[in-house]
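Asker: Protein sequences, first through last, are from chains Y and B.
Going by the numbering used here, the first residue of the first sequence is number 6, and it counts up by one from there.
Going by the numbering used here, the first residue of the second sequence is number 54, and it counts up by one from there.
Don't read these hints as lab results, they were simulated from the structure.
Cβ atoms here follow ideal geometry from the backbone N, Cα and C, with glycine treated the same way.
Some hints here could point you the wrong way.
What follows is a list of derived Cβ distance ranges for each label pair [said to hold, decoys possible]:
#1 Y/I147 - B/T140: 42 to 52 angstroms
#2 B/D137 - Y/R257: 16 to 26 angstroms
#3 Y/R21 - B/E181: 17 to 27 angstroms
#4 Y/N176 - B/E291: 46 to 56 angstroms
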Amino acid sequence: MAVGVRVLEHNAMVYRRTWHGSVLSSLLSPILFLAAMGIGLGGYVNRNGGAGALGGVPYIAFLAPGLLAAQAMQTAAFDTTYPIMGRIVWDKLYDAMLATPLTVRDLLVGELEWVVTRLTLVCGAFLVVMAAFGAVRSPLAILALPVAVLTGVAFAAPIMAFSATQKRDSNFNVLFRFGITPLFLLSGTFFPLDRLPAAIQPVAYLTPLYHGVALARELTLGSVDPAAAVAHVVVLLAFAAGGIALAGVALRRRLVV
Amino acid sequence: MAVPHAARDAVPFEADRVPPLIEARGLVKRFGTFTAVDSVDFEVAPGEAFGFLGPNGAGKTSTMRMIGCVSPLTDGYLRVLGLDPSTDGPRIRARLGVVPQADSLDMELTVRENLQIYGRYFDLSRREALRRAGELLEFVQLSERANDEVEPLSGGMKRRLVIARALINEPDLLLLDEPTTGLDPQARHLLWDRLYRLKQRGVTLVLTTHYMDEAEQLCDRLVVMDKAKIVAAGSPRELIERYSSREVAELRFAPGVQASLDGQLDGLADRVEWLPDRVLLYADDGEAAATAVHARGLRPESVLVRRSSLEDVFLRLTGRSLVD
Chain Y
6 MAVGVRVLEH NAMVYRRTWH GSVLSSLLSP ILFLAAMGIG LGGYVNRNGG
56 AGALGGVPYI AFLAPGLLAA QAMQTAAFDT TYPIMGRIVW DKLYDAMLAT
106 PLTVRDLLVG ELEWVVTRLT LVCGAFLVVM AAFGAVRSPL AILALPVAVL
156 TGVAFAAPIM AFSATQKRDS NFNVLFRFGI TPLFLLSGTF FPLDRLPAAI
206 QPVAYLTPLY HGVALARELT LGSVDPAAAV AHVVVLLAFA AGGIALAGVA
256 LRRRLVV
Chain B
54 MAVPHAARDA VPFEADRVPP LIEARGLVKR FGTFTAVDSV DFEVAPGEAF
104 GFLGPNGAGK TSTMRMIGCV SPLTDGYLRV LGLDPSTDGP RIRARLGVVP
154 QADSLDMELT VRENLQIYGR YFDLSRREAL RRAGELLEFV QLSERANDEV
204 EPLSGGMKRR LVIARALINE PDLLLLDEPT TGLDPQARHL LWDRLYRLKQ
254 RGVTLVLTTH YMDEAEQLCD RLVVMDKAKI VAAGSPRELI ERYSSREVAE
304 LRFAPGVQAS LDGQLDGLAD RVEWLPDRVL LYADDGEAAA TAVHARGLRP
354 ESVLVRRSSL EDVFLRLTGR SLVD
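Given the sequences, and given the hints that come with them, work out the whole structure.
Answerer: So, in structure tokens, the structure goes:
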């Protein structure tokens, strides 16, 4: 039996009871954001010479891939905070799973397989909405899907490691307020990074979201710099791999005592 | 319900012929500097109902978790189903049923789905998992709740569902950690009845409890644990014979009187135990002991003569009452 598939199946069984709401919000969220900020705010940006500063593309085409990557980050963060800690602390579901032939490796891999599944659905829906808004300008945009999924995993794995060390949910508020939200706003999602104060710019380069945003944008705009693209992928893979290693250690420490 | 494996090849226990299902020698579990289990030895034979009896913190759960292959041993020798937990964990767990202290049910799934997905963890086909889920819900009398959420179930129903879940893989060995703690008497008796039926089918039961009546009801053999060690072992009957007497007379005196009785009860019983609120006389004939008390001119407010129980054994062994 492949590693983690039973844990993946567990998530799918739970999802079967809640998918309606989740699908609706996966579609509604990009529609609202692209309509309000892409068309509404974008109209002002374009009329006031913003398109020039953005390399000649309309604001919505600049914004949409940034939001795609940010959506991946947020989905990953939500799915690996409360649900993971809840299964350790609240429901003790992982204890029940580990009493069967399943191992910690199955838990880790299976939960990540589920995160990848969720990201594929959410980001796929996002790309479809983007295309409907005319915000996709190159066939390379199809590659923005795996890039967005990888961006999500680059967050999911280290956050899972963090969640596995938590005894209650109070620190998740801190994570969202001082981690996820600033990244969402300041990683080149809404405006080019060179608008940030010079002192902050290097910080942004160190976070996975910047790389996800930059690469997704190059792909949907069709202007890929191969060397830069490789660098972006390497950073994202490093966060994912490092996070997986940490999550394995944290889960084992917490559950096998 | 399908017949568990153990029933098919159940044979009467003979130490030199049938290998034990569980064999522990010098088993140790430490958490940092705290020793939860301090070098314990025990064996469990196929088809047996074996109990760990002791107060909270005695090391029962830690021992169970090591047997369940979810907690590595710090030291010692342990074989479960003839296999080594440190290398064969998943293979052993495939043949165990576990009823943990906390229910650990999936609140996001229905009653039936809880069983189905658990069957899948044991690699049952979807069809087989569904079939066994139906049978087990029947067995624990939860069929009418099959499609309900888990949350609104009563404590006793949740406990029964956890037992059904532990049986989904038709285990050779069922581990129950305080199966009836927190349940009302009715729920408890229903649960005992189900466990008794499993035992009759040949399923080997290993359980922890801090209830004396539970140990007496369910266990063929048990060990008494206190402060990380085994302090006595035997059948309930043997333990009572060895560490107690056939009967006990419980005497309650008016407030203040008990303290002034100094020496006046000497020689009336095999052993006299002074508790804060009453005096226990251990004797083969409790009625005779009580009569002798009256013959000495003492007038207790109440006299209760009862059969001796494991509670008395525990008191004798540790000097403390079991449930405080």
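Asker: All hints, please: hold or fail.
Answerer: Going down the list of hints, with the structure as the test:
1. Between Y/I147 and B/T140 the beta carbons are some 46 angstroms apart, a value that agrees with the proposed interval 42 to 52 angstroms.
2. In this structure the hint that B/D137 and Y/R257 lie 16 to 26 angstroms apart at CB holds, the actual value being about 19 angstroms.
3. For Y/R21 and B/E181, the hinted distance range of 17 to 27 angstroms is satisfied, since their beta carbons lie about 20 angstroms from each other.
4. Taken as a hint, the range 46 to 56 angstroms holds for the pair Y/N176 and B/E291, whose Cβ atoms sit roughly 53 angstroms apart.
When the structure is compared with the earlier hints, no violation turns up for any of them.
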